[in-house]
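Chemist: Chains as they are written, first to last, in numbering that gives the first Met the number 0: chain A, 0 to 284; chain B, 0 to 441.
Any given hint could be a false lead.
As the list claims (entries may be wrong) - Derived DEER-like restraints, expressed as beta-carbon distance ranges: (1) A:Leu-237 <-> B:Lys-161: 28 to 36 Å; (2) B:Pro-410 <-> A:Lys-179: 41 to 49 Å; (3) B:Ser-144 <-> A:Arg-82: 35 to 43 Å.
Said to hold, decoys possible - Derived pair list, reagent style DSBU-like, types lysine-lysine, alpha-carbon separation capped at 30 Å: (4) B:Lys-32 <-> B:Lys-42; (5) B:Lys-274 <-> B:Lys-32; (6) A:Lys-179 <-> B:Lys-184; (7) A:Lys-183 <-> B:Lys-184; (8) B:Lys-206 <-> B:Lys-184; (9) B:Lys-274 <-> B:Lys-184; (10) A:Lys-183 <-> B:Lys-161; (11) B:Lys-206 <-> B:Lys-274; (12) B:Lys-161 <-> B:Lys-42; (13) B:Lys-42 <-> B:Lys-274; (14) A:Lys-179 <-> B:Lys-353; (15) B:Lys-274 <-> B:Lys-353.
It should be emphasised that the hints constitute simulated quantities derived from the structure, not laboratory data.
Heads up, the beta-carbon is just placed ideally off N, CA and C, and yes, glycines get one too.
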Amino acid sequence: MPVPDRDEPTRVGVVKFASCDGCQLAFLDIGPALLDIGVIYQIVEFGEASSNRSPDGPFDILFVEGSISTDEQAHHIRHLRDRAAVLITIGACATTGGIQALRAWAGNDGGIEGFIDAVYATPEYVDTLATAKPVADYVDVDAELRGCPIDTGQLVELLTATAIGRRPQLPSEAVCVQCKRAGKICVMVSRGEPCLGPIISGGCNALCPGMARGCYGCFGPRESANGLSLADWYGESLGLSDEQVAARFAGFTGWAPEMREVIEAKGGPPGMRADDAADAEGGAA
Amino acid sequence: MTRAKASQQSPEQEERTFAVDSMSRVEGEGRLKVVVRGDEVVKAELSIFEAPRFFERLVVGRQPDEVLDMVARICGICPVAYQMTATEGFERLFEIELDPQVRQLRRLFYWGEWLQSHALHIYLLNAPDFLGYDSAIDMARDHRSIVERGLSLKQAGVDLLKLIGGRAVHPVGMRVGGFYRVPSKSQARALLPALEQSLIDAQETVKWTSAFNLPDFERDPLMLSMCDPDLYALDTGRLVTTEGLDIDPGEWDSAFTEQHVDYTTALQASSLDGKHHLLGPSARVVLAGASLHPLAKTALEESGGAEVLRRNMFAAITARGIEMIHAAAESIAIIEAYEPPVDPYTPWEPRAGKASWSSEAPRGVLFHRYDVDEQGRVVKAQIVPPTSQNQLFMEDDMRGYVGTVLDLPEPEAAARLEALIRCYDPCISCATHFLTLEIERI
């Protein structure tokens, strides 16, 4: 990541789109070191933390939280890309679309209008795209930090590595590898709990298996993960129905291609399944 | 960010626009518009341009345990509030008896979130307004030890959340009927020294904030809070108001309603008779103060009493500090008496019906309702975050307060109005995404 080499502090921005603000909180969770960050980094835009704002940059590094879910956001992310030397997406929403990306399956339930009707009394006041998509679907992204939420340790590693010009050490191994290394008991083998650990990137240090429950996919699928094989195993060995399998994959990174493929093959997420639509039509008839 | 606009009209009908295009130091983004003609406030609108995320629709078809993980993602600052409110609704519908130690761990978990959220708001978001800084990082240049005290209070909350939930943002420990795993006695007791320090730090916080100069703006609000004679307002008791309403927390929707207006995509809540209510730390201390910990009561007395919290919104920062004292003190008591339950959760069977409950998120009353089928799957959902409920009252406060700042230079007047809104600790991401502050004079 070529951050301009100047004597001045590196100009950093933190912005958000459709999201919960939880990944930005990772910055505020850095602790007392946050107060010294100004030695290296000048935070020029971070609405959640400071009234001193430069929303148009320019930025040496821009951190982007959230997925793109309105026309205005699609326009704005292109503008910000032009103003940023390096753009880093943070969290499941920015990198995969997040939980709100599941609305792409709304077509099985009357389209996005059906979704708006379900929540808002006056649908004509609501402006939304039919999809909530990752930032990389709209602009070039230089690096990403995964997770729902991101891990503060990984953020500190990225900031430190960038400051001294080395490559950040971010894990790409599966949750399963971290789980075995930590000596945790496999929840799938010992308790028959469906766990996404075999196909999901580590980063949480196998948090959920450590809490005696299966991984639900916060850090997203590893590259070329074979989700269909794991899904078949859920069905054959754990006895899960297609809907239960789809539910497991349709979580916070469900729009990632490797997850999406399984959700499609298993008929769509709960509440948005192709057979729901058929039932609805049958009921109407 | 402020902007100001003035037109060349007659002096009596001067037309000016004050604005803060994107509010800072709030969770999420939003906008407010006040229209003034001469001295008359024509309009005060809080416009939240939500990028809709459709949670109430996304949970349809899901099982109760999946709902807990999903609704956490509504808010990165208060995910436990969403998990707690949802699980307690399901547990009441399914008639699940919780182990008493599980119930205590639930409170401990919630206090962790309160501590981290209140410390974040007091020290990183709100205090810079009273001391004249843009951010806590700027404030730390002159007041390093104070900001470090705030970060340490925040960390104590984060550590409680990690103890029980595995991580602070979107914790993974809670399930309907209890927890997936509970901490050991020694793991819990390891947090005691930090919590003892937090108790002292919280007392210092109240001494610090109660000495701030508050803007001279008073009113007589209708307040709403959970209230329990034995336990400070959190997840038990009744929903009560200063006008005598007293209802079951699962029946919020019998007394309040949501409406949708053209200038905001966040639904606004008000009582069925059209009254606007205020909720959050000040409302809780006023309505439920009798069940505060004795140390918190002492701090309340020393800070000037509940009346200033009731009348002046800017005093909410002190209400948060008083609640941090209670949170730290009750957390210590829970840990000292803690014996891990034999089973981390009670198994349960679903049944069809209405699963609904209210609890006190750090920002105020949060209501959830799930209509579920006989398999426990959600058929319909309603989620009313505290900021949606405060929205109309915030507009009323803007309307009242604007008259006191009209003589100031325009950017400063706009900044004062932004500071007023910040006192509510609006969690705009909960409902919404974009809020801008603007005063227009016509």
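Chemist: Confirm or reject the claim that Ser-144 of chain B and Arg-82 of chain A have a C-beta distance inside 35 to 43 Å.
Modeler: At 37 Å between Cβs, range holds.
Chemist: For the pair supplied as a hint, Lys-274 of chain B and Lys-184 of chain B, confirm whether the alpha-carbon distance does not exceed 30 Å.
Modeler: violated (47 Å)
Chemist: Can you tell me whether the CB distance of Leu-237 of chain A to Lys-161 of chain B sits inside 28 to 36 Å?
Modeler: Because 30 Å falls inside the window, the suggested range holds.
Chemist: Checking one constraint from the list: CA of Lys-274 of chain B to CA of Lys-32 of chain B, max 30 Å. Satisfied?
Modeler: holds (21 Å)
Chemist: Going straight from one Cα to the other, do Lys-183 of chain A and Lys-184 of chain B come out at no more than 30 Å?
Modeler: holds (20 Å)
Chemist: Just to be careful, I want the Cα atoms of Lys-183 of chain A and Lys-161 of chain B compared with a cutoff of 30 Å; is the pair within it?
Modeler: The given pair, whose Cα atoms are some 18 Å apart, holds under the 30 Å limit.
Chemist: Quick one, are Lys-42 of chain B and Lys-274 of chain B close enough, alpha carbons at most 30 Å?
Modeler: holds (18 Å)
Chemist: Given the proposed pairing of Lys-206 of chain B with Lys-274 of chain B, does the C-alpha separation stay at or below 30 Å?
Modeler: violated (34 Å)
Chemist: Take a quick look at whether Lys-179 of chain A and Lys-353 of chain B sit within 30 Å of each other, Cα to Cα.
Modeler: violated (42 Å)
Chemist: Given the hinted pair Lys-274 of chain B and Lys-353 of chain B, is their Cα-Cα distance within 30 Å?
Modeler: holds (26 Å)
Chemist: Falls inside 41 to 49 Å, the C-beta gap from Pro-410 of chain B to Lys-179 of chain A?
Modeler: violated (58 Å)
Chemist: When you check the alpha-carbon spacing of Lys-161 of chain B and Lys-42 of chain B, does it fall within 30 Å?
Modeler: The given pair, whose Cα atoms are some 45 Å apart, is violated under the 30 Å limit.
In summary, the structure is inconsistent with hints 2, 8, 9, 11, 12, 14 from the numbered list given earlier, while agreeing with the others.
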